[in-house]
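> Guided by the hints, dock chains B and C onto chain A, whose structure is given.
Protein chains in written order, with this note's numbering: chain A, 697 to 866; chain B, 9 to 429; chain C, 624 to 863.
In short, the hints are calculated from the structure, not lab data. A portion of the hints provided could be inaccurate.
Stated by the list, open to error - Incomplete in silico selection of chain A near chain C, CB under 7 Å:
| # | residue |
| --- | --- |
| 1 | 844 |
| 2 | 851 |
| 3 | 855 |
| 4 | 858 |
| 5 | 860 |
| 6 | 862 |
| 7 | 864 |
| 8 | 865 |
| 9 | 866 |
Said to hold, decoys possible - To spell it out: a stretch of chain B is covered by chain A in this simulated footprint if at least three of its residues, at any positions, have a beta carbon under 8 Å from a beta carbon of chain A; those stretches are:
| # | region |
| --- | --- |
| 10 | 20 to 34 |
| 11 | 302 to 315 |
| 12 | 328 to 340 |
| 13 | 361 to 374 |
Every residue gets a Cβ at the ideal spot worked out from N, C-alpha and C, and that includes glycine.
What follows is each chain in one-letter form.
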Amino acid sequence: MSWPTDAATLCQDRFGLEICEAEGPLVSADQALALATALKDELDFRFFVHVVSVHYPEVEAIAADEEKGIDAIIGTPDHTMVHYRLRRLANPNRSTDTFAFRIKVPTGESTPSLSGVWLGADWQEREQYDLVGTVFSGHPDLRRIMMPEDWPGHPLRRDYAIDTSHFPWR
Amino acid sequence: MSLHATPHPKDTVKWTTVGGVRVPVHLLIPNLPDPFMDIEDYEPDADLMVLNMGPQHPSTHGVLRVKLVLDGEVCVKVTPYLGYLHRGVEKLCEKLSYVQITPIVDKNDYVSPMMNELAINMAFEKLIGAEVPRRARYIRTICAEIQRLGSHLLWLGTFGLDMGGAIGGGGSIFMHTFRERELLLDLFEDLTGCRFHYNTHTVGGNRHDIPAGWAAKATQVLAVISKRCIEYEDFVRGNKVFQARTVGVGIIDPVLAIDLGISGPVLRASGVDVDLRRDQPYAAYDEIAVNVATDPGGDCFSRYVVRVDEMRESIRIATELLAGVPEGPICSLKPVKLPGAVKAKHGQGVYSSIESPRGELGTFVVGNTVRRQSAIPYRCKIRSPSMHLLQLLPYICPGNNISDIIVTLGSLDPIMGEVDR
Amino acid sequence: MGVDQSNQNFEHPLFEYMEKMPGLDLAMTTADKILSWGSRNSMFVFPMATSCCGIEFMAAACGRFDLDRIGTIARGTPRQCDVMVIAGTITVKMAPRVKKLWDMMPEPKWAIAMGSCAISGDFYRDIYSVVPGVDTFMPVDVYVPGCPPNPDHLLEGFRRLQDKIKAKRAGEWVEPETRPVSGMQMPSVPRYGTDRDPAYDQAQLMATQNMGLGGELLAAGVTLPQPAPQPVQSGEGGDS
Numbered sequence: 697m698s699w700p701t702d703a704a705t706l707c708q709d710r711f712g713l714e715i716c717e718a719e720g721p722l723v724s725a726d727q728a729l730a731l732a733t734a735l736k737d738e739l740d741f742r743f744f745v746h747v748v749s750v751h752y753p754e755v756e757a758i759a760a761d762e763e764k765g766i767d768a769i770i771g772t773p774d775h776t777m778v779h780y781r782l783r784r785l786a787n788p789n790r791s792t793d794t795f796a797f798r799i800k801v802p803t804g805e806s807t808p809s810l811s812g813v814w815l816g817a818d819w820q821e822r823e824q825y826d827l828v829g830t831v832f833s834g835h836p837d838l839r840r841i842m843m844p845e846d847w848p849g850h851p852l853r854r855d856y857a858i859d860t861s862h863f864p865w866r
Numbered sequence: 009m010s011l012h013a014t015p016h017p018k019d020t021v022k023w024t025t026v027g028g029v030r031v032p033v034h035l036l037i038p039n040l041p042d043p044f045m046d047i048e049d050y051e052p053d054a055d056l057m058v059l060n061m062g063p064q065h066p067s068t069h070g071v072l073r074v075k076l077v078l079d080g081e082v083c084v085k086v087t088p089y090l091g092y093l094h095r096g097v098e099k100l101c102e103k104l105s106y107v108q109i110t111p112i113v114d115k116n117d118y119v120s121p122m123m124n125e126l127a128i129n130m131a132f133e134k135l136i137g138a139e140v141p142r143r144a145r146y147i148r149t150i151c152a153e154i155q156r157l158g159s160h161l162l163w164l165g166t167f168g169l170d171m172g173g174a175i176g177g178g179g180s181i182f183m184h185t186f187r188e189r190e191l192l193l194d195l196f197e198d199l200t201g202c203r204f205h206y207n208t209h210t211v212g213g214n215r216h217d218i219p220a221g222w223a224a225k226a227t228q229v230l231a232v233i234s235k236r237c238i239e240y241e242d243f244v245r246g247n248k249v250f251q252a253r254t255v256g257v258g259i260i261d262p263v264l265a266i267d268l269g270i271s272g273p274v275l276r277a278s279g280v281d282v283d284l285r286r287d288q289p290y291a292a293y294d295e296i297a298v299n300v301a302t303d304p305g306g307d308c309f310s311r312y313v314v315r316v317d318e319m320r321e322s323i324r325i326a327t328e329l330l331a332g333v334p335e336g337p338i339c340s341l342k343p344v345k346l347p348g349a350v351k352a353k354h355g356q357g358v359y360s361s362i363e364s365p366r367g368e369l370g371t372f373v374v375g376n377t378v379r380r381q382s383a384i385p386y387r388c389k390i391r392s393p394s395m396h397l398l399q400l401l402p403y404i405c406p407g408n409n410i411s412d413i414i415v416t417l418g419s420l421d422p423i424m425g426e427v428d429r
Numbered sequence: 624m625g626v627d628q629s630n631q632n633f634e635h636p637l638f639e640y641m642e643k644m645p646g647l648d649l650a651m652t653t654a655d656k657i658l659s660w661g662s663r664n665s666m667f668v669f670p671m672a673t674s675c676c677g678i679e680f681m682a683a684a685c686g687r688f689d690l691d692r693i694g695t696i697a698r699g700t701p702r703q704c705d706v707m708v709i710a711g712t713i714t715v716k717m718a719p720r721v722k723k724l725w726d727m728m729p730e731p732k733w734a735i736a737m738g739s740c741a742i743s744g745d746f747y748r749d750i751y752s753v754v755p756g757v758d759t760f761m762p763v764d765v766y767v768p769g770c771p772p773n774p775d776h777l778l779e780g781f782r783r784l785q786d787k788i789k790a791k792r793a794g795e796w797v798e799p800e801t802r803p804v805s806g807m808q809m810p811s812v813p814r815y816g817t818d819r820d821p822a823y824d825q826a827q828l829m830a831t832q833n834m835g836l837g838g839e840l841l842a843a844g845v846t847l848p849q850p851a852p853q854p855v856q857s858g859e860g861g862d863s
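With the rest of the complex left out, here is chain A:
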């Protein structure tokens, strides 16, 4: 995967970010809104593809030999990684460049909502809040979208049991 050069240059020069070849740059929560606005307004990344929160629980020391060879960093605190992905539509030459960036959000903190930049992020951010528990600050309507309003917990966190019972329906 190679990212579009103008977006990579923008990230490196203006925001001083290091581009990861596979997953895009790692952006701090403070810079996210400025980067998103620049990407949309200056580089025409107008099509919102997705936002995904991935929950990483705290990695404790792994003793067993058979777990060797993993690239999880021991001692990482509990956090979610929020991946954003955008697309640039251009009719005359019909190119579809994609660009991705990610934000690391420690548990208990929040990340700025980008639904003001791309309207399409509105429900997807609500979904990630509902299922993973990432808080998007500044979201106009941050309610649960999939689960009932009084549902306890966030089902897609790694520590949530898949067969959690719910009285009286299951």
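Chains B and C only, in chain A's frame:
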């Protein structure tokens, strides 16, 4: 195909460029409704009524609940509520191995199940680094196009129901399209053994090869449906009642649509010429030219026109590919006997997308880095186009009558299994 | 609540008057036969279609299989219907609605669970948000297995329901259908029957009545008796 004059002549449209995209000028709406409007701010004298439509309503295409705030017959504010079919597919994907997930995602978009299999397996192949043989790519493309045809046929039938009701005359087109859809389901039954949920794609290729005589039968069926499409055009496109219900109803601003993440036929019906089959070829689309159908109307009638054009295009692509299916293996990996046989090599997120009948259907997969669980994805997110389609409702419904809202909702063609997952 | 209504014979309101009059046994039997003939050959179906099985229900209603030829007609309102076809997965968010719609239907009424999801939850039976079978909160007369069942299987299910209606009208004992289980784990909620904790029935009824109020019921201080978690039977399914 000009049995009847189309209400949107293409040569008189003026175009402009917004954000690098060429869009028709007359569709740009200056003042969009505010979906987060506090209803207290509306006219204090108005006698407002709140009406709940769904979750069990014949015209909501499943279990969508829409809360309408009405001023008489005219809608003021729309709030969709989702989650009545949330089946935890993404959580289930974190418990199953890569080869076991395919039958699960079949049930997401239950109108074109093979598209889900294709989307998720393409992401897994990208993560694992598996090649797909040329014959498998051809079979995938043929199946995808026939699925698109079947999905649009079902849409046309249910769109008739939305407008006329089963008694009011909408049932005719419904009966016709389902007759044709049965022919397509028979084709898939011959190919995979199932009518509906196929489980035929796997990581690295396909499970089922084309049986003897299938290509000839498929070509024949497609030729039959191609003739029937002309019949539909004959009694739908020129129908005065149909035009009265659809022309000028539910107009979608292309700039708003791009901002909301709308893709597929709905975006193309607003004049934006985007199609992942052509712009970002996957499977065997790099070996065949795809003519993208667009229409500058932006209303429900344009969406009908675009979908019918796509049906014809699907028939053409499938017929051409059926004539030249190459010989060779259908799967690059050995037949999998153990669910843990296919393993990911790294834990980075990988995204892959296809053009489903409803738009960009993508899958974001993160591989598991713990060695013992390397055959299980760490996180699997399905980017469903239908969810973005429903986001349009708060923007395009205010100002319309209830009956127009039902037609607009039907023309978007959302599938709730894919929205809620 | 808590009573297995599917095993009770439906009695016509005129029954007791007819019983008092002499020599009407024969007429009564004849009338019962006519009523039975009528109700089994003109079934008004309420399609509770939530997902994939709803598409196959539509296919069954169309020209090739033609559900109408055995006398069914699909209606959009529960108040006119006497057969509910639960076609698709029922989630915990949808379950109160299904129960409410079922309670809206007038007696006599029957239910068909179409597809594995409605029968047992199938793939999703372990998932936090899916009800493991609709028979955990409402009675089911006929189970039509399949994922989704072919339309001809659904037709066969309607035929079985017709036989059941006929036998019940004649006063015969009808063995209740059992949920088709094949090496699967049983759900955490015991199914509708005698071995069921009545606390579930009470809570489901209250949840249905208070639908749409969210957590206000619990916030108002109403404490519901929590049943002891059932020991999960060791099936062969595991976490397949």
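> Kindly indicate which numbered hints from before are broken by the structure, ordering the numbers from low to high.
The structure breaks hints 3, 11 and 12; every other hint is satisfied.
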